[in-house]
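Quick one: dock chain against chain with the hints and give me the complex.
Here the protein sequences line up with chains E and H, keeping their order. Residues in the first sequence are numbered from 71 upward in steps of one, following the working numbering. Residues in the second sequence are numbered from 5 upward in steps of one, following the working numbering.
Do not take every clue at face value.
[To be verified] Once the Cα atoms are required to be at most 27 Å apart in a straight line, the calculated DSS-like pairs of lysine-lysine come out as:
id, chain 1, residue 1, chain 2, residue 2
1, E, Lys-221, H, Lys-84
2, E, Lys-320, E, Lys-562
3, H, Lys-17, E, Lys-221
4, H, Lys-84, E, Lys-398
5, E, Lys-100, E, Lys-199
In short, the hints are calculated from the structure, not lab data. These numbers come from a predicted model, not from an experiment.
Okay, here's what each chain looks like letter by letter:
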Amino acid sequence: MSVMEHDNLLFQGADWDFGTIQRINDAVEKIGVGEMGLDVYPNQIEVITAEQMLDAYASIGMPLFYKHWSFGKRFALHESSYRQGLMGLAYEIVINSNPCISYIMEENTATMQTLVIAHAAFGHNHFFKNNYLFREWTDADGILDYLDFAKDYITRCEERYGHAAVERVLDAAHALMSHGVHRYPRKKRPDLRSEERREKERHLHQEQTFNDLWRTVPTKGAAAKPQLSDERRRALLELPQENLLYFLEKSAPRLQPWQREILRIVRQIAQYFYPQRQTKVMNEGCATYCHYRIMTRLHETGQISDGAFLEFLQSHTNVTRQPEFDDKHYGGINPYALGFGMMQDIERICTKPTDEDREWFPDIAGRGDAMAVLRDVWANYRDESFISQYLSPHLIRQWRMFHLVDDPDRPDLRIEAIHDERGYRRLRRSLSRHYDVGWSDPDIQVIDVDLAGDRRLILHHHVLNRTLLHKDDAQRVLQMVANLWGYAVVLKEVEPATGAIFQEHVAHPHETLF
Amino acid sequence: MYIIDRRLNPGGKSLANRQRFLRRAKAQIQRAVRQTAGDRDITDLERGGEVTIPADGVREPSFRRSGEGGVHDHVLPGNKRFVEGDTVDRPPGGGGGGSAGGDNGEGEDDFRFALTRDEFLDLFLDDLELPDLAKRRVATVETQGMRRAGYTVTGSPVNLALLRSMRNSLSRRIAMRRPKPQELLLLEEEIDRLEKAEGPSERLTALRQELEQLRLRTKRLPYIDPIDLRYRRFEPVSRPVAQAVMFCLMDVSGSMTEHMKDLAKRFYMLLYIFLTRRYKHVEIVFIRHTHEAKEVDEETFFNSPETGGTVVSSALREMQRIVEERYSPDSWNIYAAQASDGDNSPNDGSTSAALLRDVILPVCQYYAYLEVGSDSDRMQTGFINHKTSLWQTYETLQEQGANLAMRKVNHRREIYPVFRELFRRRDAEAGARVP
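Bound-form chain H, shown alone (with noise of 0.2 Å):
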């Protein structure tokens, strides 16, 4: 008999069959997965979870009985009082005496399984993409770095690269026949063995003269020669920068609520995941202004009140000397999403689009704002054209081609659409041009 203990082999030996089951179920998954994070809190996007999918549509059919019509027969065990020629009321729901149906223990219901963190975002993501990502990355968003290529015969002494510079001088030596230096040891030995023998005689001085010339050649010939020093040579090379920086815009005036700002939030986590599913390193930056900017941390960012007028052209100006001082554009992905609920003082909005077509566009991947609005005003919206002082600013801006996007969210089950919306894939929406 063999005892194998199999415990320490690698596990998720059927990993390559879930992966061909979720591409296999994949639209009805990302269904789920989408109503499921609707009804979620933003923080628990990033867990994993439970998700049901109808069992219908991974089905394995096969040629079997269906349970209703024909004869079906029973034997049971556990009879307690019927005699043979009994009748019995049939159950309702047309089953037999309790047992029918059940050999095919698959039932109709939905296929409910967990999905690992990793596979939920995935398909929550699945369609998103970065504007412009691809562009921008050939164009400026490269950094030098360094890389080894092959050797070189000069350099400094840290690059010296030692195993191949011993290989050239043993391969010299030989090709030079540099004498060993136990050839040397033996040849002395013989003289000296000599000497003490016999005295002086003419092999002795024969020897000695091969020795003293052996020695010479050896002084020539030295063990390290430069000619056989190799350093290790080094190349530049442009790599694609893989980090970001997140600016979140704010307008924390009195006239935000707790409600829009809710709806801010939940925008920009949502930004942050998908940033950081993209790219390795993500920085956020919070900028809130009332009639002056100040960066702030997330915590008073999100929840200390403040009191001012509303003047954005402060926060962009803010969000200018920021890149300008840690992040520049050449070596980072910049990214800002602005939520305010549409207020601008009169005199701003003109110093605002300026700024923004100037500055704040040209070095920024990606700008989004999002008008948030109360619960209340849903309605309105639809029926009246009420356009925010803000808004009609920035509509020109779009009007005059920036790149800019724009959305208004009034609920938070609008937020996720609208973000969907924000970063589809563009393939996606040219086909959806089309027709």
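If we strip away everything but chain E, and leave its shape as in the complex, we get (with noise of 0.2 Å):
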């Protein structure tokens, strides 16, 4: 190795310091930035100790967040299998907020520091700041302070109205969470000004077609005002409405404003959660991308060693590892694998793609500049779309792939399709479902409410796959339901083709509750 080499190093062997950590975040900025054209917000990495990775593993990785006992569960369960060793703890943890926040922890190596600020600091951070579903639903600026408020507002709450009373209203929100996000964007409230205008716009029209004689027709008078028909009840109350916490926070009628407020802190947070749980595989998938590029230029420049490099491969290559169905290590299919998998794979059918390849995606194939071709990608897709677009034969072949049908009907399990030509669309299909959270959580709406009789709430459960709700758990929710609306609940699994039902759950409210 030459002098001029060593020099370039950005450090040598395992220890770092602040200084050390500057010049990585310099030299990865300056590949990631620079060279792949990552867009990012500016970042804020804060060293931190295993024993606080464990605190922000409690509260879902964010730094500050409203108590709550199921945090505390986790914190205890993390830290029991912790301190067995029967865990690892995650090299980072990163935030959705402007400026974007990475935690590293304070055992890693240089060479891990680099990977997590390649990871996590660039390659998170540019998914972070423009894919489009982040852009829609998350605020990463005032998330912040967000969470700040919420905590303020909870621990007023509880010096208020006592730890138990929240507790309840929290433990029914947090069972709720799941059904409690917008997953359409909304039609945006007008602001003040656009609504002058139009008022000013609507006046203006109607003094030039302003005709005086209309005021001499004569009409029927005011007619009794009719019976709400049921469509314009429900209209009124926004129903069908998938979105519970959102319409028991806004409609149920017994609800104090502070416990209404709880539910809105729960469902927005929730909503903040949302597209995380849609991008799983992408935001991952980028990320491996970019550290991946990263590492390897600086090994390229010379400016980590080739012990580094060695290290930084071996981890890699364990977070990328899918181990197969038949291995006793299978749990599903590693989204940190899947997603690397599809970003190379991607970047192949840019520069060397077959012909195979230009039959399935002409619009990428040889197209050259596969960076340009994946941050578009990373903007502008999800889980679900990214992969029922993307997913290549090659890499379905690579992974030998199969579908497995499970039909309670049939004597045995069913192979539907394999890594072949037939295969190919439909593996691609099944497999894009299964990242498609509507398809995934069921699908639970509120259908009506009579708030003018006896104010029985009707949720329906559309039975997908004949498959229905865990009925311990269901009813347990349905009685948490309950007794946030007030009145009594009914939920009816409903098969939608035909209508029938399988089955109905009733919870009664606990009048001494609320």
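Set out below in structure tokens:
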């Protein structure tokens, strides 16, 4: 190794200090932003200890969060398995905020810190800033302030109304968290200025078309106010409504204002995390691809040593390992492996396409500039659409994927598709559906309620593939819904095609609770 | 980019969450703790440790699909020999091809986690209470102490409040217009200058006069006057005593077997842990007795064998002597626990009873008598109403209304329940008696 090369190294050995971190960050930024064209929020890197990492785990990775027993439970669980050595801690946690906060552990070696900075502070960061779901649904500038507000608000509620009362509301809200998100953007509420402008235009129009004759046209006397039609009543309550938390917050007749606010807080947080659930494969794929590219470049330019690069490769292959289905370590498809595999595959299609690729991906095959394609993909897709669009036959063959169907009416399991000409599209479709949150979460909607009558709330679960809800859990959650609603609640499990009802759960509120 | 070092930030951010969790699952954790305590050695009790509670109590339900019924499908990697249309036998247990049900990571198993020592003991001793603590505290268990209480104009020099005195002095000097040294100095210089320059003049005389007056004023108004002095004032205050002494009385005559001593030891240790939770300072006095009593150290108390008859009153007398010598009931909470197999020499019964009633019980917060039996008597006691001589003596005392707790224990697993029963919170007991 020449002296020149030696001088070029960012660090030697495993030790690091803040100067090292700064140098690493600058070098990574040069490659990430300069060569790959990543567009990131300003970075804030925070060094933490293992215990603080456990703390962060407990509160879903957020630096501040309101207090609830379930976080304590999670902490106890993680702590005991960590102490027994059953679980390693993540190398990093990254928060979708502006500036983008990445936690790095003090135990990491210098190589690992480089990897972590490339992965989190540039890969994830770029994804957060550019992906359409995050742009639509999350407010990176405001999230930390909002969490601060939420924490204070809930603390004040606890002081004022007692721990138990707040805990009951939070329990119920948490149980409904997966059904507390808007899946489609709603019409933007018009602001004052545009409203004024529209009012002025309307006025102008009326003036222009004014004709005094209209006044003289005889009209019928005002009719008696008609009974609201069922249709109209539902429309007024925005029914059917799949966002249960939103519906309860806005329409539950007996909730106190502070209880509504708590439901709102939980709903906002659920909404904030909603994009993350839908982009696991892409998010990790993007970050893994970035760190791989950046680390490789650092090594090529002699900024990290061969030893450090080997250390990186070892942990990289660990992360992107995909055990096969009959392996005893198999635990589902590894999002890191699938995401990284697909990103690399897209790069291959762009630069070295085969005839098959040209047929399947005419838009991008042979485009040459892989980064531009990838940036576009990262900005405009979520897992489901990404897989259904970009999972290539090449990768399906490489992974030797097959599709297994378990139909209780048949005596055995059936292989529906394998990695062959007939199976590619079917495999791709069914895999992408597994990543569709709207498909994997049970579809439960508020169908109707007669506020003028007995106020019984009617929910429907639109059963998919004849899979009913977990009975015990459903009954418990329904009880919580009933407590929030204040009147009886009925949940019907309905086959959407035929309207047949499989099962009905009923819950009545505990009068004493609220 | 910013780098922030958070390592020095205080940890334990989720402590509040943990407390909420413990409170939530309190009943289950407490049950688990009691169960663990039964299995453990007494010496281990002071440590925290792992407890297991059923996951059901801390379940977080949500609307989710059940794993059974309905059509499930999986896309799996690593096909080796399947072609389309193949069928595979359903694996036993229903789940799909290896991955079913893996989505919801939380199993239905028991939930296992570690408690710290303090949490463990808190839960372990939760609904126990020291008897008559409140009453005694008000009546006698108080000590005199001193407390700062403002300032006074008289006092000893050690208590002089310098800052306050100087402040008074300064304000007095300002109010009375005591000339400042600097003013005098300026005036003197002025006079000097005039003397050198002109010789006698009218102005010089006036200035000299003024200086004279100011000097006089300075003399009359002292820098510090007795009127300025302030002393720190203390007032006596009575404070409850947070110290306790625990008397362990044990019969070590030949009839006490190792097993019985072990039972007694366990009881004493529980009592000790319990007292240390409630009092800052706990002392233990070991008194063993045969036909005569002696104060010994712990090692001798439990281990060295002794032979002789059994005279309980000797131990009581020894205790009386020690209390008089070292532990004045005014400043100590006195607890006594006596362990014996129940033997007593026949002519000692009335002496013991009298001693206990007239001397010991009035000074004690609590007196527990633990009768230890051998493992094999367990069955007997159920059927035959066999009462030892000491038991009979104490029973009569109790009937006369003496504040005396007595229980019989045969097996180590009975120790903890008996202990709990003896120290159960009063209101809980009262509540139980009502129906």
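Cross-check of the supplied hints:
Distance check on the hinted pair: Lys-221/E and Lys-84/H sit about 53 Å apart at the alpha-carbon level, beyond 27 Å; violated. Only pairs whose Cα atoms come within 27 Å are accepted, and Lys-320/E paired with Lys-562/E is accepted, the gap being roughly 22 Å. This hinted pair checks out: Lys-17/H and Lys-221/E have alpha carbons roughly 13 Å apart, not beyond 27 Å. Among the hinted pairs, Lys-84/H with Lys-398/E is consistent with the structure: their alpha-carbon atoms are about 16 Å apart, no more than 27 Å.
For a cut-off of 27 Å, the pair hint linking Lys-100/E to Lys-199/E stands: about 18 Å separates their Cα positions.
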